[in-house]
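A.B. asks: Sequence:
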Amino acid sequence: GMLANVIKLMVNRQRPRAFHAASTEVLDTFGGLQWFVNAGHGNQSFPSAHSATAVGFAVALSVCFPRGKYLFAVLAALTCVSRMWCEAHYASDVLAGTAVGFVAARFVLRQQGLSAELPQILPRALAEPRERIQDRQQAA
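In my numbering, the protein residues as written are 1 to 140.
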């Protein structure tokens with residue numbers, strides 16, 4: 001999601017809800033490149049940071065919990081569809097966000113060696129609070 005937000009600060013694109021198909025062409029939705037200038041929420045459509053975050057999170061969870069990979073993929077896809085449904089993004093924004101999220105997640109997992117370690121770390125971290133709760137219940 002953060003990488004997508006950095007890209008948003010460089011690419012000026014009007015959101016679909018502000019686009020009038022009868023009066024302009026699709027390429028007119030792009031306002032050109034800008035260098036880290038906040039053009040306002042209405043002009044930061046490309047790429048979809050929600051899609052990037054959802055896909056990146058789905059990739060990371062799939063590494064930790066391989067049996068849930070289809071569920072995570074469906075949830076990420078629903079997030080992507082919702083961004084188009086509510087007219088916050090064009091399909092190309094969502095596809096670009098999806099690509100950014102996927103590539104960023106795979107890069108981080110590979111660079112940090114987390115692909116092998118994360119499946120052991122995360123389930124243990126999630127199990128520890130459950131064990132504490134069970135210990136408290138037994139003590140009471």
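Among these hints, one or two may not hold up.
[Claimed, not checked] Restraint ranges, calculated between C-beta atoms of paired labels, are given here: (1) Gln138 / Ala77: 21 to 27 angstroms; (2) Met10 / Phe65: 30 to 36 angstroms; (3) Ala99 / Tyr70: 29 to 35 angstroms; (4) Lys69 / Ala91: 44 to 50 angstroms; (5) Leu75 / Met2: 19 to 25 angstroms; (6) Glu87 / Arg67: 21 to 27 angstroms; (7) Arg67 / Met10: 52 to 58 angstroms; (8) Ala99 / Leu71: 20 to 26 angstroms; (9) Phe65 / Glu87: 28 to 34 angstroms; (10) Gly68 / Val103: 35 to 41 angstroms; (11) Leu75 / Arg106: 26 to 32 angstroms; (12) Leu71 / Leu9: 31 to 37 angstroms.
[Stated by the list, open to error] Within a straight-line C-alpha distance of at most 25 angstroms, the following computed SDA-like cross-link-like pairs (lysine to any residue) qualify: (13) Lys69 / Arg15; (14) Lys69 / Thr79; (15) Lys69 / Arg106; (16) Lys69 / Ala104; (17) Lys69 / Phe57; (18) Lys69 / Met84; (19) Lys69 / Ala91; (20) Lys69 / Arg17; (21) Lys69 / Arg110; (22) Lys69 / Gln111.
No lab work stands behind these hints, which were simulated from the structure alone.
Just so it is clear, the structure is predicted and the values come from calculations on it, not from any experiment.
All residues carry an ideal CB built from backbone N, CA and C; glycine is no exception.
A.B. asks: Could you tell me which of the hints above the structure violates, numbers in ascending order?
C.D. replies: The structure conflicts with hints 1, 3, 4, 6, 7, 10, 11, 13, 20, although it agrees with all the remaining ones.
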